[in-house]
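Number of protein chains: 2
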Amino acid sequence: MTSKAKRVNKALDETVQLRHPAKIHEAMRYSLLAGGKRVRPVLCIASCELVGGDESSAMPVACALEMIHTMSLVHDDLPCMDNDDFRRGKPTNHKVFGEDTAILAGDALLSLAFEHVAAKSTEISPDRVVRAIAELGSAVGSEGLVAGEIMDIDSEGKDVSLNELENIHLHKTAKLLEAAVVCGVIIGGGNMIEVERVRKYARCIGLLFQVVDDILDVTKSSKELGKTAGKDLVSDKATYPKLMGIENARKFACDLLAQATEELAYFEVARAAPLYHLAYYIASRQH
Amino acid sequence: MTSKAKRVNKALDETVQLRHPAKIHEAMRYSLLAGGKRVRPVLCIASCELVGGDESSAMPVACALEMIHTMSLVHDDLPCMDNDDFRRGKPTNHKVFGEDTAILAGDALLSLAFEHVAAKSTEISPDRVVRAIAELGSAVGSEGLVAGEIMDIDSEGKDVSLNELENIHLHKTAKLLEAAVVCGVIIGGGNMIEVERVRKYARCIGLLFQVVDDILDVTKSSKELGKTAGKDLVSDKATYPKLMGIENARKFACDLLAQATEELAYFEVARAAPLYHLAYYIASRQH
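Heads up: the protein sequence lines correspond to chains Z and F, in order.
Residues in the first sequence are numbered consecutively from 169, following this note's numbering.
Residues in the second sequence are numbered consecutively from 169, following this note's numbering.
Any given hint could turn out to be false.
What the hints assert, rightly or not - Away from chain Z, derived, C-beta distances all over 12 Å, residues of chain F: (1) Glu-182; (2) Ala-195; (3) Cys-248; (4) Gly-257; (5) Leu-272; (6) Ser-289; (7) Thr-290; (8) Leu-330; (9) Arg-367; (10) Ile-414.
To be verified - Keeping only pairs whose Cα atoms sit at most 30 Å apart, straight-line, the calculated BS3-like set for lysine-lysine is: (11) Z:Lys-191 with F:Lys-191; (12) F:Lys-191 with Z:Lys-263; (13) Z:Lys-368 with Z:Lys-172; (14) F:Lys-288 with Z:Lys-368; (15) F:Lys-205 with Z:Lys-263; (16) F:Lys-368 with F:Lys-288; (17) F:Lys-172 with F:Lys-205; (18) F:Lys-263 with Z:Lys-263; (19) F:Lys-288 with F:Lys-174.
Don't read these hints as lab results, they were simulated from the structure.
From the three backbone atoms N, C-alpha and C, an ideal C-beta is built for every residue, glycine too.
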C-alpha cells in the first residue's frame, strides 16, 4: 500500500506544478503535498484492481479524490469554520497564505479535480469517465461533503442523537470514500452488483474512520495526532465517545470492521486483500 | 434572448431545489436565482445553435456556467476578498447566511456544476461531454477565474501596466465566457475551426465586458448599478479608465466590439445573430 501512496504523491506533484501565478500554485501544493495517508486515492486504485482494472487507469480519479479531500480540509480549517491553526503538524493553509488565497486554492483544487479526470482519463471509455465524474460531484456537493459540514456546524452546542451523528458522518466522511471505491470500480469496468458491494463497504469504513478519529481525539495528545487534540470536547461537538461512552464506541468500531469485511467476501480473496488491509489499518490507526 | 434567459432561470430553479439540509440549498438558491443577465448560459446556448445543435442539449452546460459564475461572485464578495455588502441590489450571501455557509454554498455550486453536466447530458455523446467538462474546469481553476482573482488581489495598490490589466481580465472575465461558447460549440458538434473562432470572439467580448464595467463604475451611481459604485477608485484598483482615460477606454470598447463581430463573419448570418446582439448588448449596457 505504501508504494501505491508514493505513486499517488508523484502523480499529484506532477499534476499541480509551480507555474504562474506562483502564489496560488504554492498554496495548492502546500496542502496537497503535505503528506497524509492518501486513503482515498489508494482505495480508488485498489477498487479498480478489485474488478480487473489497472492502477494507471484509476490514477486521474485517485488524484482528483485527494484534491477534493484537500479542498475540504483547507476550507474547513478557515477562521469562520473550524478555525484550526495546525493540520498534519504544519500551520494551516490560511495561516501561511492568508484567508483569501486559502479560499481560492480550495476552489482551484476542486475544479482541477474534475478537469483532471476529464482531461487525463484518455484510455478510458468516455461513458465510464462521465459516470465517475457524476459520482465524484455528488460526493462533494449539497448532498455530500458540504451537507455533512453544514449539519455538523448546525449541530454544535445542540443535543444530537446517534442517528443524526451517523448522518453527519455518512456525508462528511463516508461519501468521499464511497466515491473512491465506486469510481474505482466504474473505471475498472465493474458491474452494478460490484458497485453496490463496495459502496456498502465504504459506508462502513467511513463511519469506522470517524469513530476512530473521535476516540483518538479524547485519548491522544496534540503531538501524537499532529493536530490540536481535545478540540471536539472544547467546542462541545457531538462525538461517538460522548454519545455512547468510550467502550461502546470501541465496540461499534469492531462491528463496523466486521460489516465492511463481510461485503468483501463477494470478491476474489487475493484481489480484495488491499481493501481488507485498509479496513484493518483504519480500525487500528493511532494518529 | 429574454426567452432563453427565462428558460435558463426555470432550469436552474428546478436543478437546485429546496431539499435537506435546507440552509445550504437556501443559500445556493439565494445567489443563483438572484436575477442577473444570464450572459454565459445564453451565450452557450446560442453557440450550440450556431453550429446546428439545439437548446436542450446545451442546457446542462448552460446551467453549470451560471453555477460557476455565481460561486465566483459569492466567494469574491467575502470579507477577506472584496468585502462587498451588496450584489445585484441585494445583501451579499455571507451577509444573509454567514461566512461559513457562503463558502460552503460556493463549494456546493462549483461541484454541482460538473456533476450536473455529467449526470444530465444524457442525449450527448459522452466524448463531447468529457471535452466540455475539461474546458469548464480549465476556465475556473488556477489558470482561469482563480488565476485572475489572485492576480487582481496582488495588483491592488500597485502600478499595473495595460498588459497586466488585460491578462487579469482575460482570466477573471473572459475565460468563463470562452468556456461558454467553446462548450456550446462542442456540445453542438462544431469543428476545431469553429471552436477557435468563437474562442476569439469570447476573448473580445470578455475584455469588452470588463471595459464597460470599469466605465460604468466611474460614471454611474450605486442605485443605477444595483451594487456599490466607485469601489474601484476607493480601493485603488487598476481600471481601463484609470490607465488610459475615459475617452480612450470608450474607443477601446468600440475596437473590441468590431473585432468580436469580425470573428462571427465566418458563420451563417442568421445563426450568428444572437451572438452579434449579445456583443452589442454588452457594449451598450447601462448597469
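These are the hints, each one checked on the structure:
1. The beta carbon of Glu-182 of chain F sits about 15 Å from the closest Cβ of chain Z, which is more than 12 Å, so the claim that it is off the interface holds.
2. Here Ala-195 of chain F does not stay apart from chain Z, with its beta-carbon only about 9 Å from theirs, under the 12 Å limit.
3. Non-interface status of Cys-248 of chain F relative to chain Z is broken: a Cβ of that chain comes within 12 Å, the nearest being about 4 Å off.
4. Every beta carbon of chain Z lies more than 12 Å from that of Gly-257 of chain F, the smallest distance being close to 25 Å; the non-interface claim holds.
5. Residue placement check: Leu-272 of chain F does not keep its beta carbon more than 12 Å from all beta carbons of chain Z (closest about 5 Å).
6. Some Cβ of chain Z comes within 12 Å of the Cβ of Ser-289 of chain F; the nearest lies about 8 Å off, and the non-interface call is violated.
7. Not every Cβ of chain Z is farther than 12 Å from the Cβ of Thr-290 of chain F; the closest lies at roughly 9 Å, contradicting the non-interface assignment.
8. For Leu-330 of chain F, the requirement that its beta carbon stay farther than 12 Å from each beta carbon of chain Z is met, with the minimum near 18 Å.
9. Look at Arg-367 of chain F: its CB is around 17 Å from the nearest CB on chain Z, clear of 12 Å, so calling it non-interface holds up.
10. Here Ile-414 of chain F stays apart from chain Z, with its beta-carbon at least about 29 Å from theirs, past the 12 Å limit.
11. For the suggested pair Lys-191 of chain Z and Lys-191 of chain F, the alpha carbons sit about 33 Å apart, so the restraint of at most 30 Å is broken.
12. Proposed proximity of Lys-191 of chain F and Lys-263 of chain Z is supported: the alpha carbons are some 28 Å apart, at most 30 Å.
13. For the proposed pair Lys-368 of chain Z and Lys-172 of chain Z, the alpha carbon gap of about 23 Å is at most 30 Å, so the pair holds.
14. The hinted pair formed by Lys-288 of chain F and Lys-368 of chain Z meets the criterion: a straight-line CA distance of about 25 Å does not exceed 30 Å.
15. Note on Lys-205 of chain F and Lys-263 of chain Z: the hinted pairing is violated, with a Cα-Cα distance of about 37 Å set against a maximum of 30 Å.
16. With a C-alpha separation of about 28 Å, the suggested pair Lys-368 of chain F and Lys-288 of chain F falls inside the 30 Å cut-off, and the hint holds.
17. As the CA atoms of Lys-172 of chain F and Lys-205 of chain F are separated by approximately 11 Å, the hinted pair is consistent with the 30 Å bound.
18. For the suggested pair Lys-263 of chain F and Lys-263 of chain Z, the alpha carbons sit about 24 Å apart, so the restraint of at most 30 Å is met.
19. Between Lys-288 of chain F and Lys-174 of chain F the CA atoms are separated by roughly 19 Å; this keeps the pair inside 30 Å, and the hint holds.
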